[in-house]
Structures are given as structure tokens and as C-alpha cells.
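Number of protein chains: 2
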Amino acid sequence: MAQEKKETTSSGLEWSLNVEDGSSKILVQEAGLATRAWLGLKGLFLKVRKFLEKAYDIGVNDPRKVVHCLKVGMALTIVSLFYYMRPLYEGIGGNAMWAIMTVVVVFENTAGATISKSLNRVFGTCLAGLLAFGVHWLACKSGEKFGPWIVGTSVFLLASAATFSRFIPSVKQLFDYGAMIFILTFSLVAVSGYRVDQLFELAYQRLSTIIIGTSLCILVSMLICPIWAGQELYALITSNMDKLANSLDGYVAEYFNPDDSNKNLLAYKCVLNSKASEESMANFARWEPAHGCFSFKHPWKQYPKIGAAMRSCAYCIEALNSCIDSENQAPEFIKKQLSTACLRVSSNSSSIIRVLAETIKAMKRSSKIEFLVEEMNGAVEELQEALKSLSELSNPPACKNTETVSSAAMETIPLMEVMPVVTFTSLLIEISARIKGIVKAVEELAKVAAFKDAAQDKCKENQPNNRLEQQGQTKDEETMKVLQRV
Amino acid sequence: MAQEKKETTSSGLEWSLNVEDGSSKILVQEAGLATRAWLGLKGLFLKVRKFLEKAYDIGVNDPRKVVHCLKVGMALTIVSLFYYMRPLYEGIGGNAMWAIMTVVVVFENTAGATISKSLNRVFGTCLAGLLAFGVHWLACKSGEKFGPWIVGTSVFLLASAATFSRFIPSVKQLFDYGAMIFILTFSLVAVSGYRVDQLFELAYQRLSTIIIGTSLCILVSMLICPIWAGQELYALITSNMDKLANSLDGYVAEYFNPDDSNKNLLAYKCVLNSKASEESMANFARWEPAHGCFSFKHPWKQYPKIGAAMRSCAYCIEALNSCIDSENQAPEFIKKQLSTACLRVSSNSSSIIRVLAETIKAMKRSSKIEFLVEEMNGAVEELQEALKSLSELSNPPACKNTETVSSAAMETIPLMEVMPVVTFTSLLIEISARIKGIVKAVEELAKVAAFKDAAQDKCKENQPNNRLEQQGQTKDEETMKVLQRV
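Residue numbers (UniProt numbering), protein chains in the order written: chain H, 1 to 486; chain E, 1 to 486.
Since the hints were made in silico from the structure, they are not lab data.
We treat Cβ as the ideally placed atom computed from N, Cα and C, and that holds for glycine.
There may be inaccurate statements among the hints.
Part of the chain H face toward chain E, derived, beta carbon under 10 Å [as the list claims (entries may be wrong)]:
| # | residue |
| --- | --- |
| 1 | G152 |
| 2 | S165 |
| 3 | I168 |
| 4 | M180 |
| 5 | S187 |
| 6 | K275 |
| 7 | N321 |
| 8 | R434 |
Below, computed lysine-lysine pairings styled on PhoX-like, alpha-carbon distance capped at 25 Å [to be verified]:
| # | chain 1 | residue 1 | chain 2 | residue 2 |
| --- | --- | --- | --- | --- |
| 9 | E | K305 | H | K269 |
| 10 | H | K47 | E | K172 |
| 11 | H | K440 | E | K269 |
| 12 | E | K305 | H | K301 |
| 13 | H | K172 | E | K50 |
| 14 | H | K172 | E | K172 |
| 15 | E | K301 | H | K269 |
| 16 | H | K301 | E | K50 |
| 17 | E | K301 | H | K301 |
| 18 | H | K269 | E | K50 |
| 19 | E | K305 | E | K275 |
Take the sequences, apply the hints, and build the full model.
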């Protein structure tokens, strides 16, 4: 009850609510209208202020969002010219509305999404228009009695079929919007054709306005501060790699030296949650023309695979958490014995991830990778040796007359106490194994995209890396803020 | 190159492609047009067949999708009546198109999504219409010189601001579509108002057709075989719980008895990947009226929290994988020593998850939960005891004159070999700790949604559980198929 009261007070609408509990209703009414109105206003003001602060933060953290908004405003203002200028107005008539509608609906944040929606709109409209024309012609031939039935049935069947096609993953991925536009155009043309006789005129007008609208959107989104889905995907993957490497280093350092407070500990959570954006960006990137260092046929589909390999690593890092928070902590001297080897494995692993990020950034195969993987394997073996020597410590070779100290040490380390450090080590070894999965995925990308030395030189002219890194950094900070709030 | 050739052959478009490598171009041309056309047709036919088979599978696995498509077809056919029937045609005129457009754009799979989009459309249109009317009035007062500037500037500013608002998470969650409709309507009314003088007439017509369209959509989606986002969310969460429990049981059984092949092993992957759908469904469910056992104010926001707690468990199950595939396997007798305790922890843990699923399904607090958690804690302690006795085995209490057998056994079990089983056990203990997080989340839901005994009786009348379970099962099978293909 108390909660409900609080809710109603903060929204300032309490007098219109049906409070079932009579007593509390009276309580609320006692407060006096003016006081409550004042409290409501104050609450509203605080909410609005918080909202605006949040909006400001979003704009400051990613100024490109603001640029995108200005681009939408610009495109809409330009398209309005079709109404203002008389010659164009005469030519396109009331249908100029379609151009405005196209701009509003089609303009998306990334160039790829805009192009995808534009092409979907144009082809969906064309296909549906042609089909609707056929149905209309058939309906006219069938006379007044059967015509409406033919139109009605065809609308029912095609709308149902097109709606169903949107459930099929391959269609949904590429033509979801096109299917919707198909239904829309088909219904409009088939039905309105029954009344209006200027079907060709209508089709021509609609198509031309849509083409004007989509061309404008594509041009504005590609020419003015373009945001390429491909480049975003590429930045996301590389920055996620850096985050993964930082988290891995951070966790291992945290475990062995809890005093070194590391801010980047939770950065790997971004890797866990970026599946959906990776996939949608890879989809949109396929529609984009060549830009920056990316050719038109750049294998975008490979990036989500790299993302999946990274996620499989991140799951293990998530599990590392448990060892750090565990109540049973291994005695310091055991930790010390393993720390050098563990730190070596983690630094080798994270440097592999960083080199892979570098490989993708520079689009140049690194000669170091094989050597680094070898080194990581060596470090893992060394860690396993350290574990063996640890087991020798707790299992002194048979029962010679060992010193009392050693025997005491032996008895004070039950397996239970070694458990967290053993689990930690074992997860670390698993992480290093999963990193090989990332290496494989990146190597496949390098193969399919034909990464080579020459690519680096070509890329150096544009040098998008610095900007992307910077941008990655602001996003990092944003993420850390969000995580800290959580 | 070989790959490129294969690609072009299967798409049947090889003669129009620019092959940079001359030699392979000649090779392709040698094949003969007829043969290549035949191969292309065959490939196309196979692709179409595969596509249709996939579509058929989707329909069979979830017949409600087919029903949804028929509902869309029906709503569109009904709305077409506005064109066929003369009296209505006279009344609503060319604007009846807006009703068709509304149905196409607003009709979504779940009732919640349809209601959300409908309300967004109506309120976005109203708000934008009022604002646009104000701007139009101001523009008219300012004369021919300043009028266009006022309209243009207002379109630019409001479109930019509304586009920006779509980046703010709280707005995006609830009013994304409304913001788009706001931009659309404002632009159309403000700009067209500059030409057409019947602004009130236009606004009235547009609003009435939109209300007709949205009402029709809401009615059809709620009255004919409704698919409630809330019920879907509830089914997803409970079926994911069962999957998690099955996977956990399966993994532990697989580790200790590798011969028992278990199909449900990978079911937990669904839990890892359902974050996005949980969140979107929780958003849509908030718009739905009371249905089934759910009141209007049902705390839908709580379900994604339960989902998050389950995911944190699933991450650990993912890490369990590594122990099963590990090269180092503990000797059988050590495994045997731990198996009883491990199996007890896992069966206790999974039965807790199942009881939680039951709690949500029946909307009734279970009296067993506390007891089961106690029992799980007991099983964990027992497992820790078993580990202790294991460490005694490898660390025989100091150096009495132990028998040779024991000393030999001790030396044959280095820590390296015990490592996987220790890691497995430690992850299992961590999973049981994380299950307490699920218990907490479900208890919070039970508290906020006021689960009690009476709720169960109310629910029994509708009994959606059987249908939901069945549906969950077909989805399970679908998932398993997908996973097997991967």
C-alpha cells in the first residue's frame, strides 16, 4: 500500500486513482490539494531534469548521435522543398507526402540500415505494384460481380503469405521491411485500383516520390558524416577484444594482488551482451558499398563468428568471478607459488587477444601470432608444472623421515583450501584453450578477406583507427558508468 | 577462386560476373550455355525446395504463427470494406488508405506489441497534429515571407529532437514508434497545411481512420486466438528453467557416467540467448490488459531479472563443458568417490529450479523451497566433506608407517589429475550458489505479484499450463534440431 501511495504521489495523479483500501484514501485526501499539487510538480520537475541530464550525457558520449539527428532534420527539410516549390508541387502533387513519409521511415542511424530499408522499400513497392496491377486487371475482366471477390481474396492470401515469410529467418534477416512494404503497397494499389482509374498514374507517382525520398536518404546518410554499419561492427569487435584482454589481465592481477584495484574488471560484460548488435550490424554492413579499407564483398559474416568465440571466452571469465569471491581462499604461499605462472599465462593470453585486435585493425596478418600461441602453450605447460610441484608439496615423495615443518605444512593444506586456486588455474587454462578459437576465427577472416601487407599501406591514408579507438574509449567510459550504477 | 566459381554456379548468374582471373573465366565459358543454365535452374529449384521445407517446418512447429498470418489477412480484408462500401467511402474518402496503412504497420505478433504500437500511433498523431496546427497558425500570421521559414525551422528542430529522443533508453523502450509517428505527422501536417487549407478536415479524417485501423487491429489481435506477450514471456521463463535443470542434470550425469547419452545437454544455450526476447516481451506485456491469471499490474519487469539470474547460472554450466572435454581425466576411483555427492548436489539444485518453475507456473508460493535450499546446502557440505576425505586420501595423516599400497596410491594421484574433477566440483558448488540468486528473484516476483494459495484455484479454470508446456516442448525440439545442425 505504501508503495502505491508513493507511486501516485510522484506522478501527481493521486486524486483520480481508485484506492481499494479506504483508510489510506482518507489519508491521501487529508494532505491538502495545494501541498500535493506542489509535491507532484516538484517530482515531475525532478524527473524531467533527470531525463534531460541523461539525454545530455548520451549526446556528449556519442556526438555522432546528435549529428544523425541533425541529418534527419536536414533530409526532412530538404524534402519539404517539394511542397514549397511550385513546379515540383505541380509535378508530384499530393503524393509528395510519400517522399516525406519515406524519409521519416527509411532514415536509420547507419548507412547500411538506410540502404537496406531504401532498397527494400523500392523493390517491395515495385513487386507489389506489378502484382496488384495484374490482380486489378483480372478483377476488371471478371465483371462487377466477381471483381471484389478476386481483389479481396488476393489481398487476404498475399498478405497472409507475406506476413508468414517474415517469420522465416533468412527472409527476416534481409527482407523484413520489404515484405511489410509489399503488403502495404499491394493492398493500397489493389483496393484503390477498384475505385480510382488512374492506376498507372498513381503507381508512377508513388514510385517516383519513393525513389526521390530514398535517394535523398541514401545520399545524406552516405555523404554527411556517414556512420557505416561495417565500421561500427569492426570497432565493436576490436574494442570488445581489448575489453576482454583487459578483464582477463585484471581478474588474474586481482586474484593474486587484491590491492591493485582495477577499473576494467567488468568490461568483459560488454562481450556477453553484444550478440544482437553484432548480428544486426553484420546484416546491414552487407548492403554498404566499399568504404574505408572495406571492399563491397568484405566478409562481414565472419565478424559475428569472432564475437561468438570471444563470448565463449567471456563465459569462462564470468566463472573466474566465483573463485575471487570464494570464501575458501588458498594460503598465501600456495598462491605465490602459482602466481608467476598464472600471470604469465594471462599476460600471454591477453597479448594474443590484443595482437588479434591489431590484426583486424590494421587488416594485416601478424607474423607474431604463431609465436605467441606457442609461447602461451609454453606458459600453460609451465603452469601445469607449477601445479605438479604444488602437488609434490602436499604429497612429499613417500615417507622418508621428513622434517616436522614440511609435514606440518602438508597437513595444513587440505584439498578444500587449494580448491579455489586449482579451479582458478583450471579455468585460466580453459580460457587459453578458448582463445585459440578466437585465433582460428580471426585467421579465417584474414583468409577470406585476403589480409596482407599491402592492405596496411592502403589503410594508412584513411587511418580510421585513432578515431575508432577514441570512440571505443568514450564507449568504454560510458559502459563503466552504467556498470557502476548497476 | 574455386570457391567463387562454386558460388556463381549455384546462383545461376555466372555469365554476368566479372571474373578478374582470366584463366578461370575461360574455364567457365567452356561449360556451354545449356548445361550451365540447367545447372543454374537445378540449383535454384533445390534452393526453393529447401526454403519451402524450412517454411513448412516453421509453420508445423508453431501453428500460431500461421494463425497470426491469417489474422493479418483478415484484418486487411475487413479494412478494405471501407473502400468497397459506398457510404463509408463517401465519409472517409481517399484517407481510407490511412486505415489500411495502419493495419499493415501496427499489427504485430503479440497483443501487447499491437496495443503498444496502436497507442503510440494514436497519441503520436494527436500530439504532432496539435503542435503542427499551432505552427501552421503562427506561419499564417507571419505572412508569406516568414511563414515558410517558420515551418521549415520547426520541422528541422522537432524532427531532430524527436529523432534524438529515440536514442534515450526509457523513450526507446516505450515510445520508439510514437516518436517516429510524431515526426511523420508533424511534417505532413505542417508542410501540407502550407498548401491545403482544410487542415481541420485533414486532421479529423486522418485521426478517425487511424482510430478505426488501430481499434480493428487491437480487437482482432485480442479476440481471435490471442498471443499475449506476457504469457509468452512466462512460458519462455518457465521452459528455460526446465531446460536449465535438464542441462545441469545431464552434464553431471554425463561426467560421471559418460555412457548415458543425454539429448538435453545443450538446452541451456537457449537461456544464454534469450535476453533480448525476454526484455522486449516484458516491455510489450506492460501494455496488455488482464488476461489468464495475470492482472493488469502484473510485475512483468521481474521476469527479465529471473532470466538474468538464470543466465548467470548458465555461464557456469558453459564452463562445466571444459571439464568434460578435458584431456586430463581423474582416475575412475576418485570420480566414484565424488559421484554420489555431486549427483546429489545436482539433483537437489535441479529440483529447486523445477520447483521454482512450478511456483511460477502455478503462481503459488511453494512451501518446499526453503526445505530444498536447506537440503542443497546440506548436499554441498557433504560434497565438501567428500573432497576433504579425498584430500586425506592423497595426504595420508603425517608420516606414520603407512602401508605400501596407500603410499603407492598417494603417489599415483598428482594434483594435475585431480584438477578436472576439483574444477567440476567447484563449479557445481558455484552453480548451487547462483541458484540461490534465482530463488531470490523468484521470491521477489512472488512477493510483488502477491502469489498465494487462492491464485492457484483461480488459475485452474483457465489452465494455460498444459498448452504452454506442450508449446515449450515443440520449441525444445525445434531448438535441439537447430543445435544439432550447428
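Hints, one by one, checked against the model:
Restraint check, G152 of chain H versus chain E: the minimum CB separation of about 5 Å is within 10 Å; hint holds. Because the beta carbon of S165 of chain H sits about 8 Å from the nearest beta carbon in chain E, less than 10 Å, this interface hint is met. Here the hint on I168 of chain H is kept, as its CB sits about 5 Å from the closest CB of chain E, short of 10 Å. The beta carbon of M180 of chain H is positioned within 10 Å of a beta carbon in chain E (closest approach about 6 Å), and the interface hint is therefore held.
Satisfaction of the interface hint for S187 of chain H is found here, the shortest Cβ-Cβ separation to chain E being roughly 5 Å, below the 10 Å cut-off. The closest approach between the C-beta of K275 of chain H and any C-beta of chain E is roughly 7 Å, which is under the 10 Å cut-off, so the hint is satisfied. Interface restraint check: N321 of chain H against chain E, minimum CB-CB distance 9 Å, threshold 10 Å, status holds. Annotation: R434 of chain H was flagged as interfacial toward chain E, and the flag holds, the nearest CB pair being 8 Å apart, inside 10 Å.
Note on K305 of chain E and K269 of chain H: the hinted pairing holds, with a Cα-Cα distance of about 16 Å set against a maximum of 25 Å. In summary, the hint linking K47 of chain H to K172 of chain E is supported, as the alpha carbons are separated by about 17 Å, within the 25 Å threshold. A C-alpha spacing of about 22 Å is found between K440 of chain H and K269 of chain E, which places the hinted pair at or below 25 Å, so the restraint holds. Pair hint K305 of chain E plus K301 of chain H does not hold up; C-alpha atoms about 31 Å apart against a cutoff of 25 Å.
Our distance criterion of 25 Å between C-alpha atoms is met by K172 of chain H and K50 of chain E, whose separation comes to about 16 Å. The suggested pairing of K172 of chain H with K172 of chain E holds, with an alpha-carbon distance near 22 Å, which does not exceed 25 Å. Between K301 of chain E and K269 of chain H the alpha-carbon distance is near 21 Å, which keeps this suggested pair within the 25 Å criterion. For the proposed pair K301 of chain H and K50 of chain E, the alpha carbon gap of about 21 Å is at most 25 Å, so the pair holds.
A threshold of 25 Å between alpha carbons decides the hint, and for K301 of chain E with K301 of chain H the separation of about 34 Å lies outside it, so the pair is violated. Under the criterion of a C-alpha separation no larger than 25 Å, the hint pairing K269 of chain H with K50 of chain E is inconsistent with the structure, at around 38 Å. For the given pair, K305 of chain E sits about 10 Å from K275 of chain E by alpha-carbon distance, which is consistent with the 25 Å threshold.
Violated hints for the displayed structure, listed by number in ascending order: 12, 17, 18.
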